[in-house]
Structures are given as C-alpha cells and as structure tokens.
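Protein chains in written order, with the working numbering: chain V, 1 to 471; chain A, 1 to 286.
Hints may contain errors.
On the chain A side, residues computed to face chain V include the following (Cβ under 7 Å) [stated by the list, open to error]: (1) Ile13; (2) Asp144; (3) Gln268.
Ranges between beta-carbon positions, derived for each pair [what the hints assert, rightly or not]: (4) V:Glu231 - A:Pro92: 56 to 66 Å; (5) A:Glu77 - V:Pro327: 18 to 28 Å; (6) A:Arg264 - V:Lys364: 45 to 55 Å; (7) A:Gly257 - V:Pro327: 35 to 45 Å; (8) A:Ala261 - V:Glu369: 18 to 28 Å; (9) V:Pro13 - A:Arg264: 49 to 59 Å; (10) A:Glu91 - V:Lys364: 28 to 38 Å.
Keep in mind that the hints were calculated from the coordinates and are not lab data. Note that CB positions come from ideal geometry on N, CA and C, so glycine has one too.
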Amino acid sequence: MTDEKKPKKEIKPTKNPMPAQDPVERARNFNEVALGYSEEAVIDEAKRCLQCKKEPCRQGCPVEVEIPAFIKLVAEGDFAGAIARIKNKNALPAVCGRVCPQENQCEKYCTLGKKHEPVGIGRIERFCADWELAHGVKTPEVAPPTGKKVAIVGSGPSGLTCAADLAKLGHKVTVFEALHVAGGVLMYGIPEFRLPKAVVQAEVQNLKNLGVEIEVNSVVGKFTTVDELMENGGFDAVFIGTGAGLPYFMNIPGENSCGVYSANEFLTRTNLMKAYKFPDFDTPIKLGKKVAVLGGGNVAMDAARTALRLGAEESWIVYRRSHEELPARKEEAEHAEEEGVKFAFLTSPVEIVSNEDGWVTGMKCIKYELGEPDASGRRRPVPIAGSEYLMDVDTVVVAIGQGPNPLVPRTTKGLELTKKGNIVADPETGATSKPGVFAGGDVVTGAATVILAMGAGRTAAKSIHEYLSNK
Amino acid sequence: MFKILEKEVFSPIIKQFVIEAPKVARSCKAGQFIILRIHEEGERIPLTIADFDREKGTITIVFQEVGKTTTQLGQMEAGDTIKDFVGPLGEPSHIEKFDGPVVVVGGGVGVAPVHPIARSLKEAGNHVIGIIGARTGELLFWEDKMREACSELLVTTDDGSYVRKGFVTDVLKEVIEKHGKENIPLVLAIGPQPMMRAVSNLTKEYGIKTIVSLNALMVDGTGMCGCCRVSVGGATKFVCVDGPEFDAHAVDWLELGRRGAIFRPQEQQAMEHHQCKCGSGCGGAK
Numbered sequence: 001m002t003d004e005k006k007p008k009k010e011i012k013p014t015k016n017p018m019p020a021q022d023p024v025e026r027a028r029n030f031n032e033v034a035l036g037y038s039e040e041a042v043i044d045e046a047k048r049c050l051q052c053k054k055e056p057c058r059q060g061c062p063v064e065v066e067i068p069a070f071i072k073l074v075a076e077g078d079f080a081g082a083i084a085r086i087k088n089k090n091a092l093p094a095v096c097g098r099v100c101p102q103e104n105q106c107e108k109y110c111t112l113g114k115k116h117e118p119v120g121i122g123r124i125e126r127f128c129a130d131w132e133l134a135h136g137v138k139t140p141e142v143a144p145p146t147g148k149k150v151a152i153v154g155s156g157p158s159g160l161t162c163a164a165d166l167a168k169l170g171h172k173v174t175v176f177e178a179l180h181v182a183g184g185v186l187m188y189g190i191p192e193f194r195l196p197k198a199v200v201q202a203e204v205q206n207l208k209n210l211g212v213e214i215e216v217n218s219v220v221g222k223f224t225t226v227d228e229l230m231e232n233g234g235f236d237a238v239f240i241g242t243g244a245g246l247p248y249f250m251n252i253p254g255e256n257s258c259g260v261y262s263a264n265e266f267l268t269r270t271n272l273m274k275a276y277k278f279p280d281f282d283t284p285i286k287l288g289k290k291v292a293v294l295g296g297g298n299v300a301m302d303a304a305r306t307a308l309r310l311g312a313e314e315s316w317i318v319y320r321r322s323h324e325e326l327p328a329r330k331e332e333a334e335h336a337e338e339e340g341v342k343f344a345f346l347t348s349p350v351e352i353v354s355n356e357d358g359w360v361t362g363m364k365c366i367k368y369e370l371g372e373p374d375a376s377g378r379r380r381p382v383p384i385a386g387s388e389y390l391m392d393v394d395t396v397v398v399a400i401g402q403g404p405n406p407l408v409p410r411t412t413k414g415l416e417l418t419k420k421g422n423i424v425a426d427p428e429t430g431a432t433s434k435p436g437v438f439a440g441g442d443v444v445t446g447a448a449t450v451i452l453a454m455g456a457g458r459t460a461a462k463s464i465h466e467y468l469s470n471k
Numbered sequence: 001m002f003k004i005l006e007k008e009v010f011s012p013i014i015k016q017f018v019i020e021a022p023k024v025a026r027s028c029k030a031g032q033f034i035i036l037r038i039h040e041e042g043e044r045i046p047l048t049i050a051d052f053d054r055e056k057g058t059i060t061i062v063f064q065e066v067g068k069t070t071t072q073l074g075q076m077e078a079g080d081t082i083k084d085f086v087g088p089l090g091e092p093s094h095i096e097k098f099d100g101p102v103v104v105v106g107g108g109v110g111v112a113p114v115h116p117i118a119r120s121l122k123e124a125g126n127h128v129i130g131i132i133g134a135r136t137g138e139l140l141f142w143e144d145k146m147r148e149a150c151s152e153l154l155v156t157t158d159d160g161s162y163v164r165k166g167f168v169t170d171v172l173k174e175v176i177e178k179h180g181k182e183n184i185p186l187v188l189a190i191g192p193q194p195m196m197r198a199v200s201n202l203t204k205e206y207g208i209k210t211i212v213s214l215n216a217l218m219v220d221g222t223g224m225c226g227c228c229r230v231s232v233g234g235a236t237k238f239v240c241v242d243g244p245e246f247d248a249h250a251v252d253w254l255e256l257g258r259r260g261a262i263f264r265p266q267e268q269q270a271m272e273h274h275q276c277k278c279g280s281g282c283g284g285a286k
C-alpha cells in the first residue's frame, strides 16, 4: 500500500445521518420522508471521500457520473461547480439522488465501504441538485443544430435521458407522452413522499430549456405509429422507451371484486391524480381499514406505505417467500416497517372473498415453506397442504409485477419481440431489429430501476448520434 | 389546451361540444373514445367520439351531466379550453358488409356514440336499421343525424311523450319479429347499462349476435392500470384497450355494474363539494 507513506487521514466510519421526518408522523402525511443534508453536513460528508485515482465508484454508476470530481467540489463548498459536473453526465440528478439503489451501484464500489460505511454519494448528489433548483438552474451548452429530428416515445427516465443527450448534441428532439404530464413512473408510480412531483417537473423543465419539445396526451400506437413518424413525420430516428406499464394480476377467483386494485391504478390515482387531496382534486380513491398488498418489490412497499397515508388502520405486505428474498430495496422495506406496515411472509392468496354487493371481505390464503433452490438460486416456495386460512382484509392491491405495454410493439412493423412481448435491443447500442429504431429501459429489460433505464437512454443516444452522423 | 369551438344544448342535462383536436380527428375511427381532463385539479373521464371532421380537425362529443366533472363541463362555453384531450383510444368498431339488415340501438346519450358506427356500417353497404330512444321526448337528440346515418330509423320514448311509448327493446323485438331472427346478422347497442343488458337478454333468446360498447370506470385509458377490467366469457379484459366493444352475451353484467358503482359515495361528495364552491348559497368552499 503506497498510501501509507502519506500522513493518514482520519476517517469518519459512518455516513452523516440523513435528517428524516419522524416515522409515526410521516406515516400519515405525503410530505417527503428524507429531508436532505444541510450545507455543513454535505461538506462534511464530501470530505469523507478518499478521492481514489481509479474511481471505483464510477463503474457502479450506469450513467458514469464523475463522482470523485463533483464530490471534491462539494468538499470545497463549490456547489455550482459540483452540479455542473454532475449534469455533464446525468440529466436527472434530483431524481437519481433520491431513488437510485446506491447500495447496489456507486456506493457498492466505494473504497471506504470495504471497512466502513461508503460515502453517501446519492445524498450528496441530491443536495447539489436541490441546491441548484433553489438557486436558479443554468442550462448547459447545446451544440449547433444538426438538422436531424429524433422522436422519443415515452417520457420516463430512459426517454428523458435520451432526449437530453441528443438535444445537447444539436438534434431536434420531440418526446411523445401518452399521459397528460411527462415523467412516466416518476410521476405516476413513485410516491410523493419519496420523490416530490415538483422536483420531477423542475427536472423536466430543465430538459425543455435544452430545446426538447414534449408533446403530452399523445399515445403512439393510436394517434400515430412509429412507422408513420419515420415515413411522414420527418423523423430520422426513433427511440422507444415505453416502459413496463402493463399490470399483472394473480388470476385467482374474486380478483375483479370491488376493492381490488392493481398497484398501477392505486398509485396512479394517488400520485398522478392526487387522489389524496380529494375532493379538492377530483379523482377519488377508496380503501377500507385493512389493506393487503400482494408482492414484495419496491412497488409493493410504495403501495403499502401509501395505504397508511390514505388512512388504513392496517397495511399488510403479503409475500410468498421470506424476508430474505424480498426483492425490494432494504431501505424501502425498513422504512415501511418503521411506519407500521406489517408483513405476512410465506403466504399467498388463492381466492379473494367478497360480500353480496361484490366488495372484498377477506382473502383465502395458503402458507408456504421454502424448498430447494431453483434455477435462479432462490429457494422455491412450496405450498403447505391444509394450511389455508382466511385473512381479514377489505382492500387488496396487486403488486406482483408489470409487463411491457403492448401498444407500440404491436403497431410497429418489423420489430423483433421476446416471448413476453419485450422489445429485443442490442444492450451495447440499443438498436432494434428495425433500422433507425432504438429502444431501452423497462420495455427492453422488463421492470427494473430508474437508473438502469437512464443508462439505456444514454447508450441509445450515443448510437443514435452515430447513426445520424453516418446517415 | 383544446378549444371548444361550438356548444349546443340539447336538454338541460345533455350537451354537445365541437372541439379542436386535429391529432385525434386525423386518425380516429368509429367506436373509439377520448379521455379528457378539464383543468389541473380535474379527473380523467372517458367519452366516446360522436362525430369527427378530419379536414377541420374537430371532434364532436355529447355528454350527459351525471356528476361533478360532466356538470362542470356543461357550464363551459364556446371559446373556453379543455386542459387535456387524448385519443383516439380503444379498438375501432368492426365494420364489414353483413348479409342482412344490421340493427343499431342507441339509448339516451348513447345515441351519440352509436352514430358514427351506424354511418360506417351504412357506408360499408349495409342496410342499417336504427332504433333510438330516450326517457322523454325532451331528452331525445340527433334524430335527423341518425336518419341520415341509417337506412331506416325508429324512434321511441319511455313515457310516450314523443312518437311512441315503449323501450328500445320493445321496438327491437318488433324489428326482429318482422325480419326474422335468422335474417339479422348483428345487433349493436350503446346506452345506459340497464338498457344494454336488456338488449343483450332479448337477443340472447333469439340467438342474434350482439355487440355492446361498455362504459367502465377508467383512469389512463391506455391499458396501464386495469381499473376498467371486466369479465368477458370468463376472461379478464381491459375495456380501454381490448374494447370498448364486446360480445354482449359473454359480458358479466353483474360485475360490470358493481365495479361501475365503486366510487358512488365519493362521486356524491365531489358533487356537493363543487356546488359548495360554485356559490349556490352554502357559504363557499370549506
């Protein structure tokens, strides 16, 4: 170790704590849970960074943010410089700093993390983005117009990232969004208490400042098709980032009873339509006293925590494997638990029971035990014969996953799809089987993370740029 | 923003707007619908496309005031704008040249969505028998338009205040008896659920294929939430992307009715909240 010759820097072993709303209080409001660092805390946290020459943290970031460089600027108190550095690589830093699973990405590779807690990279990124939003946003430089037009279908994380990169390179970019606001899952899926919608819209505005045009209320596959955009719309290339918005149901009896929601419906009503402010906002939502959320991913945690905030007395996560196998981020499951969400592990419903008016009154469940590991290495849940029991619930939210929305794949000629209906795209370039059409994010990978979708948007932007330059 | 170009008042509760929406008008087909949101705090509601003009880039919608959003919509005037207006959504009606007279039935405000389908069927060379009805003569509209869209048109009112007394099903029964059930290849019905269900029950007896356009609760209208799901022939379908038209004899009407009533109390509450705000004497919003 050559470092040992230098005077040894004193290392603070733990991250600066993130101020947060009290769990009991926050479980009943929609305000953001994590409150963000103060200037003192962020500088202190930035000083924990060892400024490794090899920058191992960057290999964990799908959009390759210049992490040590921006953290150095933060340590010096140059927040404006730091955010500019971040934005070289990341179009949505306020979002990423909040919702990235840093423990599996940048922070996983942090040298400090080998012996101690890693540097709070996400928290520092978030601080910089929020600091800029509060102090006035500088629009990055845009290259002179190339005269090329690119259509982006879907305004979720992959589409927005792809749009930002292409706009900076001087291409004319139009984003088509089916809903009435841009942002995709950032607007309808991830709850306000984790990702305030005003923050998302501020980042969307930054993209508009780059010259990106966003056409909302535009369902590609209905008012027009990808083929039409290329043949008659004058677009030289298209990026499809339509996500995985098709909800899966359990296909068990009683699933169409009143009081059964898909997580997408439950969260869309709450987040996008602000049903938690009903009747000041017009969209209603209705739930009973005891809510069961089926599934164990981040979406399930979001739904269970949302149920508490909407006034449920009990909110249950019903998951057929055990705590160990929960696919949700550890932090999300912990937050849910702190707020009072209850967990029924090794349990799965076989029927939803309703009263004579069709409303849910209970859920017939069966208990499971874990058997041998399956092909994926996870222990397979095996039902225990005779273990059926009735769970006392009156609202059920199904959060067992989503598939690709078929509207665009179905209406685009010559697009190769997987058996599940995902678009086949080269992971290195985002190129699909159709010349000039690129794809990325959940519509290619199946439901994954915000930052992976952003990485795919970035990759596609690079190859679209190459494609346009050679055209 | 989408501008209201023309407003027509058919009755105190049934109104028509012609809306500037070139993107929708360019590509829509009979049987499809739109979703609109009046303002920033508004909800998204589905309305079937009643007419369109591709050259002028306009869409015609006809709606009945049944709750807060439709009431608020009814108070808007030509020149006002609607925040969001998205479409065309849903699958178009299946149009072909059938062997024998096709019957289209429009009940109440359902006359509007049935109109473009009747017109398309006639344009495809069919003999189209139209049956339209309303509770009272006052609520009946588009008789002329329907007469033009159909080969022949029969009109009825529940209370007999206009033309004749009786339900659309009474008229339908007479038409079937007159032409012979084996000669009628298709009945298509759009209207309130009880009416579509009654038509379905009647034609099931005769074994005549029947299509209905279902009016389920919706949020996004693009297949991402399943709010509008309905059981058809034992399988779960999303009305917004698999429909809105389905085989009437395979629809689980009981489930559809129950799911449609999920938010009844909230709908009532929203209406009261709205009346509070619009200054009808209770002291304003609280």
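Query raised in the report: What are the numbers of the hints that this structure violates, sorted from low to high?
Result: Violated: hints 1, 2, 3, 4, 5, 6, 8.
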